[in-house]
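Starting from the given sequences, assemble the full structure and let the hints guide the process.
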Amino acid sequence: MAANGDTLTSQGYIQHHLTNASIGEGFWTWHIDTLGWSIFLGLVFIMVFRSAAKKATVGVPGKFQCLIEMIIEFVGNSVKDTFHGRNPVIAPLALTIFVWVLLMNAMDWVPVDWIPTAASLIAGESWDTIASGNSHVYIKSVPTTDLNMTFGLSLGVFALMLYYSIKIKGLGGFLKELYAHPFNTPWLYWFNIILETIALVAKPVSLALRLFGNLYAGELIFILIAMIGVWQLPIHFVWAAFHLLVIPLQAFIFMMLTIVYLSMAHEDH
Amino acid sequence: MNLNATLIGESIAFFVFVVFTMKFVWPQLNGAIEARQKKIADGLEASEKAEKDLELARKEAADKLKEAKSQAAAIIEQAKKREAQIVDEAADKARAESDKILAQGKADLEAEINRAREDLRKQVSILAVSGAEKILARSIDAKAHADILDKLVEEL
Numbered sequence: 442m443a444a445n446g447d448t449l450t451s452q453g454y455i456q457h458h459l460t461n462a463s464i465g466e467g468f469w470t471w472h473i474d475t476l477g478w479s480i481f482l483g484l485v486f487i488m489v490f491r492s493a494a495k496k497a498t499v500g501v502p503g504k505f506q507c508l509i510e511m512i513i514e515f516v517g518n519s520v521k522d523t524f525h526g527r528n529p530v531i532a533p534l535a536l537t538i539f540v541w542v543l544l545m546n547a548m549d550w551v552p553v554d555w556i557p558t559a560a561s562l563i564a565g566e567s568w569d570t571i572a573s574g575n576s577h578v579y580i581k582s583v584p585t586t587d588l589n590m591t592f593g594l595s596l597g598v599f600a601l602m603l604y605y606s607i608k609i610k611g612l613g614g615f616l617k618e619l620y621a622h623p624f625n626t627p628w629l630y631w632f633n634i635i636l637e638t639i640a641l642v643a644k645p646v647s648l649a650l651r652l653f654g655n656l657y658a659g660e661l662i663f664i665l666i667a668m669i670g671v672w673q674l675p676i677h678f679v680w681a682a683f684h685l686l687v688i689p690l691q692a693f694i695f696m697m698l699t700i701v702y703l704s705m706a707h708e709d710h
Numbered sequence: 721m722n723l724n725a726t727l728i729g730e731s732i733a734f735f736v737f738v739v740f741t742m743k744f745v746w747p748q749l750n751g752a753i754e755a756r757q758k759k760i761a762d763g764l765e766a767s768e769k770a771e772k773d774l775e776l777a778r779k780e781a782a783d784k785l786k787e788a789k790s791q792a793a794a795i796i797e798q799a800k801k802r803e804a805q806i807v808d809e810a811a812d813k814a815r816a817e818s819d820k821i822l823a824q825g826k827a828d829l830e831a832e833i834n835r836a837r838e839d840l841r842k843q844v845s846i847l848a849v850s851g852a853e854k855i856l857a858r859s860i861d862a863k864a865h866a867d868i869l870d871k872l873v874e875e876l
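Those protein sequence lines, which keep their order, are chains A and B.
Each residue of the first sequence is one higher than the one before, counting from 442 in the numbering used here.
Each residue of the second sequence is one higher than the one before, counting from 721 in the numbering used here.
Hints were generated in silico from the structure; no laboratory data involved.
Please read these numbers as outputs of a predicted model, since none were measured by experiment.
Every residue, glycine too, gets a C-beta built ideally from N, C-alpha and C.
Errors might be hidden in some of the hints.
Said to hold, decoys possible - Footprint (simulated), chain B over chain A, 3 or more residues, beta carbon under 8 Å:
#	stretch
1	474-480
2	485-497
3	510-521
4	528-538
5	587-596
Said to hold, decoys possible - Reference excerpt, derived from the structure (chain A facing chain B, CB under 10 Å, subset only):
#	residue
6	Gly465
7	Trp469
8	Pro584
Here you go:
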């Protein structure tokens, strides 16, 4: 929907699209659109895979089971290639991350106006209100363009990293890795601590920001494309086609880095 | 754009999904895949073994056939030999029999000839005596000259 109304400014249009539906104040603000869409997509993932798991047969698999098994095998091989310990959590964790992030990223393909407009209409706003940019219903349908989502995932991974580091190496071993790592001489311990702490904290931060940045930028450009009139159709198509690459790739990178980080947490130096 | 409570909600959702996947999704699907892989591997192994067995059986059958053929040839050879032997034996026997019969015939003939000769000789001597008697009847007494006549018969 192009910016054709007089009262609809580009700035307002973009801002409307980038505002989350939220309830609460201050820290206790809940982005109900992010939560809603992500949990909905998570449930889609869970139900699809659970139904496949229930019907899983050792004999000749059906087409649906084949598809699910392809994903399982892809994730399983990625885990096997990178993670050399034995931990029953890693593979299901990687599968959850991959499919869930993939589904959330895939919301990027839904044209940017469809879901907000539909939400406004359902909320009872008139077509004119929506077209003039005065809608007060906000829906951001791509959960991974919300930092809360990506940090939610990456801090979950970070918690597992810390848990397994301490479980495998003990608290002493984990701390020793922090202060005695690059330079193993007592007078440089202070330097090691700074370096290693930054490295440790950078892992979840970069994990979250990478996913967020890629998807947020992609979404923003979709919004910009949606404002340029009739030419948006071919350009939108090109950009959506480009996201055939970006969406699975970002899901894969998030999964892969999770495996790598957890594998590092299991390694004893 | 600020970080807020949504983060906590998403983290909880994340853990719930991971735990669910770990308990109810991954083991079943991965188990099915691995069980099938094992099944296929076993099947392939079995088929390979069966192929080997078949090859072995084929070889054995060929060997047996060859042996049977050679045995049959040997038996035929032997039979032929035996046949020739029987024929030879029969011929020999027949020949011996015929020789025997011939010899018997010859002997009989000889005996017959001898007897005939004896008879003839006797008759000749009788004839000679009767001739001489007739000649001598006119001149001499037969009894007086019997010794001479006997000597004559002996010489014949």
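**Request:** Against the earlier hints, flag every one the structure doesn't satisfy and list their numbers going up.
**Result:** none
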